[in-house]
Amino acid sequence: MSGPTRRGFIAGTAALGGAALVGSPAAAKVTADGVRDSPVIRPGDARYEDLVLRRTSERFFPRPEAFRLPTTTEQVVRAVDGAVRAGKRITVRSGGHCYENFVGDGAEVIIDMSAMRQVTFDQHRNAFMIESGATLWTVFERLYLGWGVTIPGGQCGTVAAGGHIQGGGYGALSRLFGSVVDYLYAVEVVVVDASGRARAVVATREPGDPNRELWWAHTGAGGGNFGVVTRYWMRTPGATGTDPTRLLPRPPAVTLETTLAWSWHTVTEESFHRLLRNYGEWHERNSAPGSRYASLFSLLPLTRRNTGDDPGAFAMVTAMDGTLPDADQLLRDYIAEVTDGVPGVITVQPPRRLPWLAGVKSGSMSEDEQAGTFKVKASYLRKRFTDEQIRTAYTFLTSTDHDNESATLLLASYGGQVNAVAPDATAMPQRDSIMKAIYYVIWTDPDGERANLDWMRRWYGEMHRDTGGVPVPNAVTDGSYINYPDVDTTDPRWNTSGIPWHTLYWKDNYPRLQRVKARWDPRDLFHHAMSIKLPSRP
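For what it's worth, my numbering labels the leading residue of the sequence shown as 64, then goes sequentially.
Warning: the hint list may mix true and false statements.
Per label pair, the in silico range of CB-to-CB distance [to be verified]:
| # | residue 1 | residue 2 | range |
| --- | --- | --- | --- |
| 1 | VAL408 | ALA514 | 31 to 39 Å |
| 2 | GLU276 | GLY404 | 48 to 56 Å |
| 3 | GLY211 | PRO270 | 44 to 52 Å |
In the BS3-like style, the derived pairs of lysine-lysine whose C-alpha atoms are separated by at most 30 Å in a straight line are [said to hold, decoys possible]:
| # | residue 1 | residue 2 |
| --- | --- | --- |
| 4 | LYS570 | LYS446 |
| 5 | LYS424 | LYS151 |
| 6 | LYS596 | LYS570 |
These are calculated hints, taken from the structure and not from any lab test.
Every residue gets a Cβ at the ideal spot worked out from N, C-alpha and C, and that includes glycine.
Produce the complete structure using the sequences and hints provided.
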């Protein structure tokens, strides 16, 4: 998944700005060697404002000198090469779901990958090819309807493969099948060498591939680090033969799902504590690879108590493989264990079965739910929250010191097959966690940003008070997830742990990622506030 559900808001229209890219017409042109260049869209072009708005976070409005919209790898090479020769700063966007301003900050040319969205089977590489602009919903639909297979990606349907895969994407099937990066066979990247020449490179996981380290770096480093990813190839490790229907996992044919809720009218501090303890301890017992509950995925979004007359409610959504012979009993047992001693349970959606793709669609977030003005923070959990952390969560979720429109602590099932992989086998090292915790706050009043950010920082800092305000790897937490980036972790005002921010995301894998950076992006052309740094830089 890419992140929490959010209500869509209109943040307003910013003024036009930015200089034209000299010598670049708005329409695509054909070059001397017959290759059609990608369109160049500048301020003044009617399409420019739509591209400015094609992003999730309405805190950030990218206004480059030009957007480039390539449809082929060759066009990406030309766009990158031209920008480098012109001395322009390049950033890349696929789905536009970055939670920080990595794409817009200082960008002069944004390469927008949304027009590259093919999903096919490549007989030459015997793997499924996914272009980086393909949305997850497109990927799920084409893989499943075409071949009956899937990848264990996230639930935000409009997230694109570009950043999701290379950040170590996860979703409802990850406990059963692992991380998305565990299926990455090859990646095509447009890189720039020390002389400034752009070229496309394909790197595979084959042990003898001289480019293998570039492949490894795209199994969890996150986007915007080494070049422009144009295509991914996916295949199950160890899969043999040429039958496409056997080269990626087949999802459960039927999903069994249910939704429960609690009104804040009936929730006390004691029952809140009991619910979070039950939920966490269940995951401690049932998150090993091969668990009989491997197919169960549960989301517990704890929305903040309203300050008005209606305190509101929060819900738990659970889904699992409905074809298991004891699926109904497993689900009943799970619900009984999580709700034990927790009064006031409301059945919002009784258990029901849906065909797998229909279940994916029903659980997918709409475009409106994935946009707004918000701040996100996160952590991996190796165990349940401590009693003190649960008390802190209750204090902030029921506080009356700050009136925001929506604040939520979302707990998501994790672990299972994800944890069957060694921490250094991919760039994503968190391989023994059982849950992810996502914190987010939403606001609509532009003047409320500072107050909301301050409140969120205090909440997150208190949750990790014993480790310097951030989730330092220890017995309970294991850092954070780069697809939920948080620039506050780089700031000593909010990270007082003495632990470098990059340790929270990549742990001992960071020096290796730096070596890949030095080899494939020696000029540091592809960078942002939380990108991999060259070895000579802190």
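Under the criterion that the straight-line Cα-Cα distance not exceed 30 Å, is the pair LYS570, LYS446 satisfied? holds, 18 Å
Could you check the hint for me, namely that VAL408 and ALA514 are 31 to 39 Å apart, CB to CB? At roughly 34 Å between Cβ atoms, ALA514 and VAL408 fall inside 31 to 39 Å, so the hint holds.
Return holds or violated for the Cβ distance of GLY211 and PRO270 against the range 44 to 52 Å. At roughly 30 Å between Cβ atoms, PRO270 and GLY211 fall outside 44 to 52 Å, so the hint is violated.
Look at the Cβ atoms of GLU276 and GLY404 and judge whether their distance stays inside 48 to 56 Å. Because 51 Å falls inside the window, the suggested range holds.
Between the alpha carbons of LYS596 and LYS570, is the straight-line distance 30 Å or under? holds, 14 Å
Decide if the proposed pair is consistent with the structure: LYS424 and LYS151, CA atoms, cutoff 30 Å inclusive. violated, 40 Å
The structure is inconsistent with the numbered hints 3 and 5, although it conforms to all the rest.
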